[in-house]
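**Q** Each chain, letter by letter, is given below.
Protein chains: 2
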Amino acid sequence: MRTYLDCIPCFLRQSLEASRMVTSNETLHEIVLKKVMRYLQVISSFNNPPPELSKEVHAIVRNMLNCKDPYREVKKKSNEMANELYPRLEQIVEEAKDPFLMATKLAIIGNVIDFGAMNRFDVKDMINKAITENIDDNAYSRFKESIEKAQTILYLADNAGEIFFDKLLIKKFAEMGKRIVYAVKNNPIINDATIEDAKFAGIDKFAEVLPADEGQDKSAPGILLNYASSKFLNYFRNADVIIAKGQGNYESLSNSGREIFFLLVVKCPLVARDIRADIGKLILKVIE
Amino acid sequence: MRTYLDCIPCFLRQSLEASRMVTSNETLHEIVLKKVMRYLQVISSFNNPPPELSKEVHAIVRNMLNCKDPYREVKKKSNEMANELYPRLEQIVEEAKDPFLMATKLAIIGNVIDFGAMNRFDVKDMINKAITENIDDNAYSRFKESIEKAQTILYLADNAGEIFFDKLLIKKFAEMGKRIVYAVKNNPIINDATIEDAKFAGIDKFAEVLPADEGQDKSAPGILLNYASSKFLNYFRNADVIIAKGQGNYESLSNSGREIFFLLVVKCPLVARDIRADIGKLILKVIE
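So the protein lines, in turn, are chains L and D.
Terminal number for the first sequence in this note's numbering: 288, no gaps in between.
Terminal number for the second sequence in this note's numbering: 1288, no gaps in between.
Source of the hints: derived by calculation from the structure; they are not laboratory data.
Watch out, some of these pointers could steer you wrong.
[Stated by the list, open to error] DSS-like, lysine-lysine: derived pairs with alpha carbons at most 30 Å apart:
1. Lys1068(D) <-> Lys1097(D)
2. Lys1231(D) <-> Lys1178(D)
3. Lys35(L) <-> Lys97(L)
4. Lys34(L) <-> Lys1035(D)
5. Lys129(L) <-> Lys97(L)
6. Lys1267(D) <-> Lys281(L)
7. Lys1267(D) <-> Lys218(L)
8. Lys267(L) <-> Lys1231(D)
9. Lys1281(D) <-> Lys267(L)
10. Lys76(L) <-> Lys149(L)
11. Lys267(L) <-> Lys1035(D)
12. Lys218(L) <-> Lys144(L)
13. Lys1267(D) <-> Lys35(L)
14. Lys1178(D) <-> Lys35(L)
[As the list claims (entries may be wrong)] Across the chosen pairs, the derived CB separations fall in these ranges:
15. Arg1258(D) <-> Ile43(L): 38 to 48 Å
16. Arg1179(D) <-> Thr27(L): 43 to 53 Å
17. Glu1175(D) <-> Thr27(L): 23 to 33 Å
18. Gly202(L) <-> Asp1137(D): 49 to 59 Å
The beta carbon of each residue, even a glycine, is placed where N, CA and C say it ideally should be.
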């Protein structure tokens, strides 16, 4: 998905949000915003997906404020909250009429824990939503069938906290005897999960945890194939099923040419338009 | 009220909105946004109120797109909608237990018709709100008392459409034998009312309609005293009561040192914080 001009105010709002997480010094916030505006001013093409620009914007924030991980505390809190919730989530899955469906829906719902796109959330409401709301029947049938046939599943993580919701589904895959590769960001970018988060969630017990990208300042809030590691690209080419979580991965990979199952909650009006669904909808969508 | 860094994304969002009203050419939208970012980048002080910066931002939009009034259609529609509603509004006032209170509340409610701050509204819901929601008792008592004692009332208009709601209150003032001066913007700025709008609403039958500012590109979405006409300033100094509608006038005049009755609906989180009220609240507030 290309970047729209509507993303510009959003990049600036996010830069301010991230800066405020690092320092309360308003002069520094102003310097960051002006530097981000200088960068956005010289963008010659908005044809790249939003995560490509977001990568640069957040690198400016980190470098100007000399902070490697502005969202560190936010991620920690998201993880702790989700960790506490996890036994209840497992119980909901096991008690469900169709545990695999419930694990899938909860993995989608987990995507709402995204401080990058919203500031308040009520996880309990969202769990009720998972129980009461439906996902696309056809897409789900195809998803389940593909998983059943698969040997290797490449699962692209999105945010900290959310990864505990992914774990529910990954455990189901493991019970089915699948080989799972769980791709996370190599370096901190917004509130996206890194190896440290995946280990904290214990996902490494069920899956090989792999950083998707390489190098400094190359992590983006949606996996960009031009910065991906060769190991990741190998799985991307050869895995039997690819699952990509969140808006960022949808933005960066919806035109990849590879069959991908996208699992996300729609939060942004531009993604809503692109994916043809309302904001707040639980999405399971396959794109070939 | 000073400008906050949070206003930057909002200025850009508004510039894009205004540009889209003029043309569907995305290259032009991009040029406008970049030019606005260039302007915001060199701002050396955010101590001025937001309408001061907004004045410059919208002048860039108008000049770059060679369009004197991007919101012309929006204002026309707001006026037409409010005009159609007007007989019903008059009836609500006359049938109310306290018609003066109802006219005051409806004048506040009218402030929700603001395409500059929100895109969707349901006027009928808002009328119910006027009937059911209360305003500050103490401020209202003081307001009524001041009006009763006053000979000359200076009333600072806000938006097109909204002016029909002002008319309800202005008619009450006229029935009380008051002299009313209704100050509007000299030139188009966002969806703010100009002389043409005030005449369309027939306010000139009850009040002297006066452009508050002078010169080219000097109109701001909140009256700035340093660009005000001498005639306006004379009324501003000598009127017995000043009423200022909307967030813009609150932002530009809340520290004027003059007693002003502010009538508005809170729409922006920064105004909400400054005025110490929740978003959506009906505000009648006196500042000395």
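**Q** If a hint holds in the structure, say so; if it doesn't, say that too.
**A** Comparing the hints with the structure gives:
Among the hinted pairs, Lys1068(D) with Lys1097(D) is inconsistent with the structure: their alpha-carbon atoms are about 44 Å apart, more than 30 Å. With a C-alpha separation of about 19 Å, the suggested pair Lys1231(D) and Lys1178(D) falls inside the 30 Å cut-off, and the hint holds. A C-alpha spacing of about 53 Å is found between Lys35(L) and Lys97(L), which places the hinted pair above 30 Å, so the restraint is violated. For the hint pairing Lys34(L) with Lys1035(D), the CA-to-CA distance comes to about 13 Å; that is within 30 Å, so the pair holds.
Between Lys129(L) and Lys97(L) the CA atoms are separated by roughly 16 Å; this keeps the pair inside 30 Å, and the hint holds. Restraint check for Lys1267(D) and Lys281(L): satisfied, since their Cα atoms lie roughly 26 Å apart, inside the 30 Å limit. For the proposed pair Lys1267(D) and Lys218(L), the alpha carbon gap of about 38 Å is over 30 Å, so the pair is violated. As the CA atoms of Lys267(L) and Lys1231(D) are separated by approximately 50 Å, the hinted pair breaks the 30 Å bound.
Only pairs whose Cα atoms come within 30 Å are accepted, and Lys1281(D) paired with Lys267(L) is accepted, the gap being roughly 26 Å. Taking the CA atoms of Lys76(L) and Lys149(L), the gap is about 36 Å. The hint is violated against a cut of 30 Å. Between Lys267(L) and Lys1035(D) the CA atoms are separated by roughly 29 Å; this keeps the pair inside 30 Å, and the hint holds. Restraint check: the Cα-Cα separation between Lys218(L) and Lys144(L) comes to about 33 Å, which exceeds 30 Å; the hinted pair is violated.
Straight-line distance between C-alpha atoms of Lys1267(D) and Lys35(L) comes to about 29 Å, which keeps the hinted pair within the 30 Å bound. For the proposed pair Lys1178(D) and Lys35(L), the alpha carbon gap of about 53 Å is over 30 Å, so the pair is violated. Checked against the hint of 38 to 48 Å, the pair Arg1258(D) and Ile43(L) passes, with Cβ atoms roughly 45 Å apart. Between Arg1179(D) and Thr27(L) the C-beta distance comes to about 48 Å, which sits within the given range of 43 to 53 Å.
Checked against the hint of 23 to 33 Å, the C-beta distance between Glu1175(D) and Thr27(L) comes to roughly 54 Å, which is inconsistent with it. Between Gly202(L) and Asp1137(D) the CB atoms are about 58 Å apart, so this pair conforms to the stated range of 49 to 59 Å.
Of the numbered hints listed earlier, those contradicted by the structure are 1, 3, 7, 8, 10, 12, 14 and 17.
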